[in-house]
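A.B. asks: Read top to bottom, the protein sequences are chains P and R.
So the mapping is simple: this note's numbering equals the position in the first sequence, first residue as 1, plus 3.
So the mapping is simple: this note's numbering equals the position in the second sequence, first residue as 1, plus 1.
Think of the hints as simulated: they come from the structure by calculation, not from any bench.
Predicted, not measured: the structure shown is a model, and the values here were computed from it.
Built from N, CA and C at the ideal position, the CB exists for glycine as well.
Do not rely on the hints blindly, as some may be mistaken.
Unchecked claim - Quick list of simulated restraints, FRET-style, between CB atoms:
{"#": "1", "chain 1": "P", "residue 1": "Gly224", "chain 2": "R", "residue 2": "Glu16", "range": "47 to 57 angstroms"}
{"#": "2", "chain 1": "R", "residue 1": "Gly273", "chain 2": "P", "residue 2": "Thr198", "range": "38 to 48 angstroms"}
{"#": "3", "chain 1": "R", "residue 1": "Ala394", "chain 2": "P", "residue 2": "Pro327", "range": "22 to 32 angstroms"}
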Amino acid sequence: MDLTLDDDQRLLAESARQLFERTYPTTAAREAEERPEGFSAELWARAAELGWPGIALPEECGGAGYGLLELTVLAEELGRAAVSLPLLTSYAATLPVLWSGSTPTRDAWLGRLAGGDASGALALLEPGGGSERSAPALRATASDTGWTLSGTKLGVRFGASAAVLLVTADLGDGGGSLVAVAADAPGVSVAPHRTFSPEPLAAVTFHGVAVGPDAVVGERGAAAAIVDRALAHLTVLDTAYAVGLGDAALALAVDHAINREQFGRPIGVNQAVSHQCVDIRVEVDAMRVLAHQAAWRLDHHDADPAAAARAVALANAYARDVIPGIFARAHQVHGAMGFTMEYDLQLFSRRAKSYELTGGGAAWHLEQVAGALGL
Amino acid sequence: MDFDFTADEEAFRAELRVFLDDELPTWWKTVFVDDERAMPFTRELCRKLADRGWLTLSWPREHGGADGSVWQQAVVREEMWAAGEPRGPQYMNLNYIGPLIMRFGTPEQQARLLPPMAAGDVIWCQGFSEPEAGSDLASLKTRAVRDGDHYIVNGQKIWNSYADAPADQCLLLARTNPDVKKQVGISMFLVDMRTPGITVRPIPSMAGKSEFSEIFFDDAVIPVTDRLGDEDNGWTLVGEGLAFERIGIARYARANRVLEHLVAYARDTEVGGRPLAEDPAVRARLATLAVRIEAAKLLNYGAISIQAAGEVPAIEASIARIHNTQVEQLAGQVGLEVLGARGLLLEDDPFGLLGGEMQRQWLESIPVTVAAGSTEVQKNIIAQRGLGLPRSA
Numbered sequence: 004m005d006l007t008l009d010d011d012q013r014l015l016a017e018s019a020r021q022l023f024e025r026t027y028p029t030t031a032a033r034e035a036e037e038r039p040e041g042f043s044a045e046l047w048a049r050a051a052e053l054g055w056p057g058i059a060l061p062e063e064c065g066g067a068g069y070g071l072l073e074l075t076v077l078a079e080e081l082g083r084a085a086v087s088l089p090l091l092t093s094y095a096a097t098l099p100v101l102w103s104g105s106t107p108t109r110d111a112w113l114g115r116l117a118g119g120d121a122s123g124a125l126a127l128l129e130p131g132g133g134s135e136r137s138a139p140a141l142r143a144t145a146s147d148t149g150w151t152l153s154g155t156k157l158g159v160r161f162g163a164s165a166a167v168l169l170v171t172a173d174l175g176d177g178g179g180s181l182v183a184v185a186a187d188a189p190g191v192s193v194a195p196h197r198t199f200s201p202e203p204l205a206a207v208t209f210h211g212v213a214v215g216p217d218a219v220v221g222e223r224g225a226a227a228a229i230v231d232r233a234l235a236h237l238t239v240l241d242t243a244y245a246v247g248l249g250d251a252a253l254a255l256a257v258d259h260a261i262n263r264e265q266f267g268r269p270i271g272v273n274q275a276v277s278h279q280c281v282d283i284r285v286e287v288d289a290m291r292v293l294a295h296q297a298a299w300r301l302d303h304h305d306a307d308p309a310a311a312a313r314a315v316a317l318a319n320a321y322a323r324d325v326i327p328g329i330f331a332r333a334h335q336v337h338g339a340m341g342f343t344m345e346y347d348l349q350l351f352s353r354r355a356k357s358y359e360l361t362g363g364g365a366a367w368h369l370e371q372v373a374g375a376l377g378l
Numbered sequence: 002m003d004f005d006f007t008a009d010e011e012a013f014r015a016e017l018r019v020f021l022d023d024e025l026p027t028w029w030k031t032v033f034v035d036d037e038r039a040m041p042f043t044r045e046l047c048r049k050l051a052d053r054g055w056l057t058l059s060w061p062r063e064h065g066g067a068d069g070s071v072w073q074q075a076v077v078r079e080e081m082w083a084a085g086e087p088r089g090p091q092y093m094n095l096n097y098i099g100p101l102i103m104r105f106g107t108p109e110q111q112a113r114l115l116p117p118m119a120a121g122d123v124i125w126c127q128g129f130s131e132p133e134a135g136s137d138l139a140s141l142k143t144r145a146v147r148d149g150d151h152y153i154v155n156g157q158k159i160w161n162s163y164a165d166a167p168a169d170q171c172l173l174l175a176r177t178n179p180d181v182k183k184q185v186g187i188s189m190f191l192v193d194m195r196t197p198g199i200t201v202r203p204i205p206s207m208a209g210k211s212e213f214s215e216i217f218f219d220d221a222v223i224p225v226t227d228r229l230g231d232e233d234n235g236w237t238l239v240g241e242g243l244a245f246e247r248i249g250i251a252r253y254a255r256a257n258r259v260l261e262h263l264v265a266y267a268r269d270t271e272v273g274g275r276p277l278a279e280d281p282a283v284r285a286r287l288a289t290l291a292v293r294i295e296a297a298k299l300l301n302y303g304a305i306s307i308q309a310a311g312e313v314p315a316i317e318a319s320i321a322r323i324h325n326t327q328v329e330q331l332a333g334q335v336g337l338e339v340l341g342a343r344g345l346l347l348e349d350d351p352f353g354l355l356g357g358e359m360q361r362q363w364l365e366s367i368p369v370t371v372a373a374g375s376t377e378v379q380k381n382i383i384a385q386r387g388l389g390l391p392r393s394a
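Please work from the sequences and hints to get the whole structure.
C.D. replies: Written as structure tokens, this is what we have:
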């Protein structure tokens with residue numbers, strides 16, 4: 004047992020933090036939101052130079068051969084600096100290709116995704132009230148060369164800039180199938196959503212898009228298990244990102260409690276204020292250690308798959324349960340100032356709400372915990 | 002990072018469980034119950050643990066220990082607390098009173114006081130709080146006045162767990178200098194409880210007759226050789242001792258044992274023709290408890306990891322303590338919710354459920370967010386030392 008980060012992991016976190024402090028002030032986060040693709044292309048290029056897109060991918064496909072834990076460490080730093088990059092979502096879209104892609108699909112995408120020359124996106128959510136894990140209604144009709152896809156996917160994270168989309172569709176097998184579709188394939192159209200989320204979301208519509216058998220990732224009809232496993236990785240990364248968000252909100256709140264004076268003294272002398280800051284720290288620390296455990300157990304998945312699934316559920320359930328309260332307190336400590344667009348807190352609190360609602364809510368993850376308990 | 006115990010540590014845990022299965026009588030519940038058999042049993046069990054070298058496993062060899070790792074110690078704490086702490090009061094000796102004596106005691110004190118602890122022969126209590134000194138512990142008034150080779154002690158202590166066990170020794174805080182800043186004029190003593198002038202009076206609590214006591218000192222004569230550390234330096238020792246103590250109890254392990262029993266109960270109990278385990282509200286409550294237990298456990302492991310790396314996890318220990326005390330209370334709360342009105346029945350009622358475990362868990366956990374530094378005191382520590390916030394007004 005040892006819950007401390009090793010030297011490489013600490014160095015990775017520090018170098019990311021320094022990079023963002025040096026080159027990515029919150030003004031840059033604000034500018035990124037105004038761009039059509041929703042992130043800084045310069046920062047993405049820098050991330051690619053540093054090898055981040057492939058950090059958790061095996062060396063044989065162009066990665067660095069580290070694990071999910073290292074990417075988790077990076078994710079926290081991204082959150083702390085309110086960085087939006089397709090780093091985490093693209094990694095999650097790469098995993099199905101890595102695990103189960105056909106040779107042509109792997110050859111076409113793995114190297115580019117690992118090098119950051121292209122990004123991928125999971126396209127799962129559909130109109131109609133389901134979640135990312137619902138069986139897809141997106142229709143595919145058989146054709147001479149494979150299938151023709153017709154329908155719409157919603158809420159595709161970084162969808163407007165993705166070069167490859169991992170799409171769940173009903174190929175007529177009685178279960179969803181996962182299909183890799185190039186974003187520039189004829190018939191694919193992408194429209195950014197209007198959203199209060201700082202992370203760019205897009206609707207992707209397929210107008211009779213032709214896909215062949217090689218595009219199917221994994222067994223036909225067996226998308227659910229692959230998607231579930233990819234989402235396990237993504238939700239843990241998102242939780243680590245939310246740890247960074249919470250820690251950044253805490254730093255702002257503490258700073259405000261020290262510098263804001265009322266009745267002739269800092270408001271932080273009042274326990275009604277200081278204890279709200281402490282409560283944030285108490286919960287953020289728990290979010291972090293649970294996220295680390297989940298990442299570590301996913302990295303050791305084959306040794307104990309049930310323990311990995313349980314750890315993922317615990318981390319996600321806890322974080323999604325406490326994150327609204329963390330940000331409610333951060334806002335309360337700031338008074339009216341935290342509600343302004345000028346002040347930075349909104350950069351983090353809008354991202355936190357985005358996190359909370361993505362990848363399954365607290366109740367869904369709590370039910371996974373119940374299942375893991377044998378209930 | 003590594004989130005698993007080693008195979009050796011797991012084997013040791015299995016050995017401990019077999020030992021406890023063999024040794025714990027069917028009547029054993031927890032150390033706090035009103036049962037005359039309980040305290041003598043804890044003494045007997047401690048001696049057996051000592052015989053196996055498990056009592057002071059983590060102590061250095063020179064003081065009768067086995068140089069065990071902090072993780073072996075964590076395994077012992079988990080198994081013991083989950084089983085209702087059958088070491089009784091003696092866990093305090095092992096966790097922090099012994100280590101304080103190792104760190105600050107004279108060779109004579111170490112030679113005299115540590116071997117009985119290592120043998121499982123001695124019960125210590127703690128004499129810190131006073132009627133007028135709770136969270137503001139440093140304002141304590143019990144006086145120790147130097148008189149040649151002795152101190153004359155007068156005053157009153159309160160909320161002293163296990164003092165009527167009866168305790169053999171008391172780790173006492175008393176004021177030796179009333180003319181300086183309150184934190185500076187305090188000394189720590191290692192007091193023989195058989196000293197004339199010491200009286201113990203139990204205070205009945207919601208959890209039983211002898212959860213805690215008052216201790217009165219009337220001209221009690223304490224030899225100078227029973228002072229721990231320098232005169233007027235007791236407050237420093239308190240800080241050291243409590244840092245050991247905050248992660249010294251594996252509260253999550255007890256909460257987890259409660260959870261296991263509730264899961265089994267929910268699976269085995271039918272309500273309206275279907276298992277209680279299918280009730281979405283019950284599933285959500287038990288899952289919430291499981292999540293909070295995991296958070297508390299991992300935060301303890303995180304603090305222990307820092308300790309293992311040779312650093313002092315001051316803030317981390319306070320954060321872990323907040324989670325651990327709250328989850329012990331949540332376990333009792335969820336337990337009684339799941340049982341419903343039948344949870345009110347005691348174990349000796351013919352319709353009582355789960356041996357009365359849930360009502361006991363609820364009752365015994367009421368004071369855990371208050372004892373040894375209330376949650377608010379922990380939060381003040383975190384605010385000032387962890388977050389750099391100004392001192393409270």
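A.B. asks: Evaluate each hint against the coordinates.
C.D. replies: Hint by hint, here is what the structure shows:
Separation of Gly224/P from Glu16/R is about 49 angstroms and conforms to the stated range, judged on CB atoms against 47 to 57 angstroms. Distance hint check for Gly273/R and Thr198/P: the Cβ-Cβ separation is about 44 angstroms, which falls inside the suggested range of 38 to 48 angstroms. In this structure the hint that Ala394/R and Pro327/P lie 22 to 32 angstroms apart at CB holds, the actual value being about 29 angstroms.
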